[in-house]
Amino acid sequence: MKAFENFEVWFVTGAQLLYGGDAVKSVDAHSTEMVKGMNASGVLPVKVVYKGTANSSKEVTAVMKAAEADEKCIGVMTWMHTFSPAKMWIHGLQELKKPLLHLHTQYNREIPWNEIDMDFMNLNQSAHGDREFGHITARMRRPHKVVVGYWQERKTLEHIAVWQRVAAAWADAQEMLILRFGDQMNNVAVTDGDKVEAEMRLGYHVDYCPVSEMMEHFKQIGDAEVDALVETYFKEYDHDASLEDRAGEPYRKVWNAAKAELTLRSILTAKGAKGFTTNFDDLGEFDQIPGLASQRLMAEGYGFGAEGDWKSAALYRTVWFMSQGLPKGCSFLEDYTLNFDGEQSAILQSHMLEVCPLIAAQRPRLEVHFLGIGVRKSLTARLVFTSKTGAGVTATVVDMGNRFRLIVNDVECIEPKPLPKLPVASALWIPMPNFEVGAGAWILAGGTHHSCFSYDLTPEYWEDYAEIAGIEMIRIDKDTTIAGFKKELRMNEVYYMLNKALC
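Just so we're aligned: the sequence shown equals residues 0 to 502 in numbering that gives the first Met the number 0.
By construction, these hints were calculated from the structure, which means they are not laboratory data.
Cβ atoms here follow ideal geometry from the backbone N, Cα and C, with glycine treated the same way.
Incorrect hints may appear among the rest.
30 angstroms max Cα-Cα, derived DSBU-like pairs, lysine-lysine [said to hold, decoys possible]:
#, residue 1, residue 2
1, Lys420, Lys387
2, Lys57, Lys35
3, Lys327, Lys416
Derived Cβ-Cβ restraints for the label pairs, each shown as a range [said to hold, decoys possible]:
#, residue 1, residue 2, range
4, Glu342, Asp237, 30 to 38 angstroms
5, Met496, Glu215, 45 to 53 angstroms
6, Ile442, Lys57, 48 to 56 angstroms
7, Gly469, Pro326, 26 to 34 angstroms
8, Glu109, Ile442, 46 to 54 angstroms
9, Ala360, Glu67, 41 to 49 angstroms
10, Pro419, Tyr207, 38 to 46 angstroms
Please model the complete structure; the sequences and the hints are all you need to start from.
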């Protein structure tokens, strides 16, 4: 997939020299064929590169050091073709900090019942070779993913593909800069947190950027650039014809919104930032909240968090990065208001303006309406739409003081009723297993009112992400009960307190 063309996953096969040179040649030939087949499957988004058979501690350490140093390599897949004594993997695994996947498979699909002999058994020892490798990763407490299945089966490849997308997003996060235009809003706790610990644990860096600095870019935006972007708006989005009246105030608001978008893109590009936050009480010379700009920049892959929410900005970038090439879309969202309707009780998801059009069920409409919040209470341009229906997953990261907690909730987006007097982009969802339990569990876990939603990502992505990041993950799904959830929270608290004490 083009989005991941600059990345590689290295494939390293475990063996030993006990069985002779011919066996090593066979191992190498089988591994080459397997990697070629996986790449030709069309399932994996990231190219797999075969890096040879490791037959000794020295060889393992050398390939792991090389993987760690190679910028294109985002992770390592291992497979034990023969019995590979696990002590020889210790020093290499100590060198590798990048994501690790252990593939438990076999070159041949079935046992050759009529031909199997001891030579075959000496060569094909994944059944116990992979368990030897699994022991050492467990003994070393090495975070990793285990995929079990035949290497040609689509189900097996799909599990590898999930991990590849997460590993790619993890690599992206290690070079992620989030710019904060303004501070947190009004002493809000849940959107704040420890930025130093976040960089140590999650990789990304958060910088404050004065709005005055952004305004220097604002001054450099030419009218011709703005005119061209406004024309793009009119081509891409439905709108009333009156909006094109250059003498009208609505047109001027669209024009100013376009200048704000060009300004944000200019400073983000200049600083190499992958995401940003805004503060509607600190807008510089903008005549309106840059909601339309935020919507469009999210669709391009920039992370966004409202009201200074830098954790959501970083997480949205990661969600978007993992989702590249997948069809249904993702967005930053906020729990807006509740709809009590028995078994169909749901939560309206929206924000003042900033919902990503990637989740729109229909072509978005460009509209201008009054917005009475923040330092600029004025007519404001925005894209208006409702989301697609269907299953999805929303996630948030919260700072619990002694750790970061990733909270994941399966949700079902349902058809909303019209909102004739609330012209915003929105989604309406039922949190699993139902409103009462889903919302209650989210609150018990300390979840935010902001979250990052995707139709395409599944909880498996978040399990892999939490494993790689070394953070707590807690999931709310169709099987969740409040009693069981409380027990899980208490057990997790004990685990992390003991873990911190032992470290």
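Going through the hints against the structure:
1. Lys420 x Lys387: Holds - the C-alpha atoms of Lys387 and Lys420 are around 21 angstroms apart, at most 30 angstroms.
2. Lys57 x Lys35: holds (26 angstroms)
3. Lys327 x Lys416: holds (21 angstroms)
4. Glu342 x Asp237: 30 to 38 angstroms: holds (34 angstroms)
5. Met496 x Glu215: 45 to 53 angstroms: holds (48 angstroms)
6. Ile442 x Lys57: 48 to 56 angstroms: holds (54 angstroms)
7. Gly469 x Pro326: 26 to 34 angstroms: holds (31 angstroms)
8. Glu109 x Ile442: 46 to 54 angstroms: Since the Cβ atoms of Glu109 and Ile442 sit about 51 angstroms apart, the hinted range of 46 to 54 angstroms holds.
9. Ala360 x Glu67: 41 to 49 angstroms: Taking Cβ atoms as reference, Ala360 and Glu67 lie about 44 angstroms apart, which means the hint holds.
10. Pro419 x Tyr207: 38 to 46 angstroms: holds (40 angstroms)
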